[in-house]
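Starting from the structure of chain A, add chain B where the hints point.
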Amino acid sequence: MAFLEFRGVSKVYPPGIRALEKVTFAVEKGEFVFLQGPTGAGKTTLFRLITQEERPTEGEIWFSGRRIDTLDPRFVPFLRQRLGVVFQDLEIVPDWTVYEHLVAPLAVLGVNGKEARKAAWAVLCLLGLEKKSTFQARWLSGGEKQKLCIGRALVHRPKLILADEPTGNLDAASAAEVLNLLWDLSRNERVTVIVATHNEALLERFPARAILLERGRIRGERC
Amino acid sequence: MGRVSRYMLRRPGLFVLSTLSVLLVGVLVNAAVFGYLEAVRLREHWRERFTIRAIFREDVRREFMEQIREEVARHPLVGQVVLVSPEEARARFLERLGLSEGEVAGVSFPASLEVVPRHVEDLPEIAAILREEGTFVEVFYGGKEVEGFLRLFRLLLKALSGFLLGVLGFGVFVIVVTTALTVQLRGREVEVLSLVGAPSAFSLAPFLFEGLFGGLLGGAGAYLLGLAFFVPFFRLVGEAFPGFLWVNVEELLVVFFPLDLGVGCGVGVLGVLLGHWRARRRRP
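Protein sequences appear in the order of chains A and B. Quick note: the first sequence uses the working numbering, first residue 8, plus one each step. Quick note: the second sequence uses the working numbering, first residue 121, plus one each step.
So here's chain A without its partners, still in its complex pose (with noise of 0.2 Å):
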């Protein structure tokens, strides 16, 4: 069975908007792919299913050889402790600091502070944040917040990374050094990284695999 799968998932928001269609695919273990699609394509949907924010209208969804979709609330917090999301929107709290914000998953965790502090300190220097740590979110730039969003995603070694056009607020550099750094993790330490863009050009500079999404059915793939 793969890492993650979908099986004719359709999702329909009130009052009757078909956000996914009967979306089937499957991604392996360590496996880098692309979700590419426009705006409104439904791949943040499509995130938010496998994250349980959302329930699908019709279909399965299995992660790591269990069916998510029907998962009781309860569980819930515990699949998403598993995962790494960058969220599009960001899901950022203005007066927490940098630190903070990256101690929270390990928190969750129940990792012990000292080596929650190291962990953190390993990813701020990895994103070069270092010296924003005690930086409330508020004060940090765009692309800041979006380092901060990928470092919290990282920083607990989650073996799913979902990310949500994560080079929105990037510059052409910085963007490069994001995906060189998701691209390693999915290769080094064969973690799984679902990368959501509407970013043509993306694709074209990272030889993955990439579903092709538009108006919430699966219109192909590229290997």
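Where hints are given, some of them may not hold.
As the list claims (entries may be wrong) - Quick partial rundown of chain B residues pointing at chain A, CB under 10 Å, derived from the structure:
id : residue
1  : 193
2  : 194
3  : 196
4  : 309
5  : 311
6  : 312
7  : 313
8  : 315
Said to hold, decoys possible - Each pair of labels, with its calculated beta carbon distance range:
id : chain 1 : residue 1 : chain 2 : residue 2 : range
9  : B       : 378       : A       : 47        : 56 to 66 Å
10 : A       : 21        : B       : 289       : 27 to 37 Å
11 : B       : 279       : A       : 19        : 48 to 58 Å
12 : A       : 80        : B       : 332       : 52 to 62 Å
13 : A       : 229       : B       : 332       : 55 to 65 Å
14 : B       : 132       : A       : 142       : 48 to 58 Å
15 : B       : 389       : A       : 145       : 43 to 53 Å
16 : A       : 142       : B       : 349       : 24 to 34 Å
17 : B       : 293       : A       : 89        : 40 to 50 Å
18 : B       : 283       : A       : 150       : 56 to 66 Å
19 : B       : 274       : A       : 21        : 52 to 62 Å
20 : A       : 22        : B       : 293       : 53 to 63 Å
21 : A       : 142       : B       : 389       : 55 to 65 Å
22 : B       : 349       : A       : 124       : 44 to 54 Å
I should point out that these hints are in silico values taken from the structure, not numbers from a laboratory. Beta carbons are placed, not taken as given, at the ideal position from N, Cα and C, and that holds for glycine.
Showing chain B alone in chain A's frame:
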């Protein structure tokens, strides 16, 4: 605790506002409790003063009087019933007026029932029931002054109930406002924690501690304000109206202490739970 204090220090305005709201609810609760205890005390006092006297017809037999007494005693509105025999009525009359037997020779003293209601405001209803009985020549419990007093007492009870309802409404208002503020200002934190996989208890814990702490602080403030107000108040009114049945200040403060802390913690925790629940619902 580190997380809790960090959150509180970051939003001191919200914390102070919540604590002050709890304090205000506590002060109103104290005022309502004082009013209630005072009313209960006065009711007890007046209850003993106002007795219904129902005079039996002369042809009613002693056994039947006993039977009537038992029936009346079983009525839920009735607190106490005493059957006064003709001999006892005569003895009381003589004692009260300081007369001798000879002076009242030939005067008949009918048997009567003395009925004390459970609550003073039930006097007219019990009297009406006794009048319907048919075994009594006369049923009385005082004149127009008593009627006037009862009207005033009912008015007071209604006003107190209205005030209590107002306090309840204000408490609900405080909870709703504090909750809305919490959701507005803290909802983001709850949402983000939820998105990184925090179970409900994890994201709730610091807010719950904060709610409890704020509630305790507000409740203690209300108690201290009660202490600062009622101790001199009772000293003052005790000197000005020494005969009046004032509530015992120590008794009042003993009631206030657990009540204020309980109400404070209750309001604080309820506000936090509602706010947290709404935030989790907004972003499941």
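Right, here's what the structure says about each hint:
Annotation: residue 193(B) was flagged as interfacial toward chain A, and the flag is violated, the nearest CB pair being 58 Å apart, outside 10 Å. Here the hint on residue 194(B) is broken, as its CB sits about 55 Å from the closest CB of chain A, past 10 Å. Given hint, residue 196(B) at the interface with chain A, is violated; its Cβ is 50 Å from that chain's nearest Cβ, farther than 10 Å. Hint on residue 309(B) holds. Least Cβ distance to chain A is approximately 5 Å, under the 10 Å limit.
The criterion of a C-beta within 10 Å of any C-beta in chain A is met by residue 311(B), whose closest approach is roughly 7 Å, and the hint holds. For the restraint placing residue 312(B) at the interface with chain A, the shortest Cβ-Cβ distance is roughly 5 Å, inside the 10 Å limit, so the hint holds. Interface hint status for residue 313(B): upheld, as the beta-carbon distance to the closest one in chain A is roughly 7 Å, under 10 Å. Below 10 Å, beta-carbon pairs count as interface contacts, and residue 315(B) has one with chain A at about 6 Å; its hint therefore holds.
For the pair residue 378(B) and residue 47(A), the supplied restraint of 56 to 66 Å holds, since their beta-carbon distance comes to about 59 Å. A beta carbon spacing of about 35 Å between residue 21(A) and residue 289(B) agrees with the range 27 to 37 Å that was offered as a hint. Taking 48 to 58 Å as the suggested C-beta distance range, the pair residue 279(B) and residue 19(A) conforms, at roughly 57 Å. Look at residue 80(A) against residue 332(B): about 26 Å separates their beta carbons, and that is not inside 52 to 62 Å.
The hinted window of 55 to 65 Å between residue 229(A) and residue 332(B) holds, with their beta carbons roughly 56 Å apart. Against the hinted window of 48 to 58 Å, the Cβ-Cβ separation of residue 132(B) and residue 142(A) comes to about 20 Å, which falls outside the hint. As the Cβ distance of residue 389(B) to residue 145(A) is approximately 30 Å, the hint placing it in 43 to 53 Å is violated. Roughly 48 Å separates the CB atoms of residue 142(A) and residue 349(B), a value that falls outside the hinted 24 to 34 Å.
Taken as a hint, the range 40 to 50 Å holds for the pair residue 293(B) and residue 89(A), whose Cβ atoms sit roughly 43 Å apart. Here the CB-CB span from residue 283(B) to residue 150(A) is close to 59 Å, well matched to the stated 56 to 66 Å. Taking 52 to 62 Å as the suggested C-beta distance range, the pair residue 274(B) and residue 21(A) conforms, at roughly 54 Å. Range check, residue 22(A) to residue 293(B): about 35 Å between beta-carbon atoms, so the 53 to 63 Å window is missed.
Checked against the hint of 55 to 65 Å, the pair residue 142(A) and residue 389(B) fails, with Cβ atoms roughly 34 Å apart. The hint said 44 to 54 Å for the Cβ distance between residue 349(B) and residue 124(A), and at roughly 51 Å that hint holds.
Of the hints listed earlier, those the structure fails to meet are numbers 1, 2, 3, 12, 14, 15, 16, 20, 21, in rising order.
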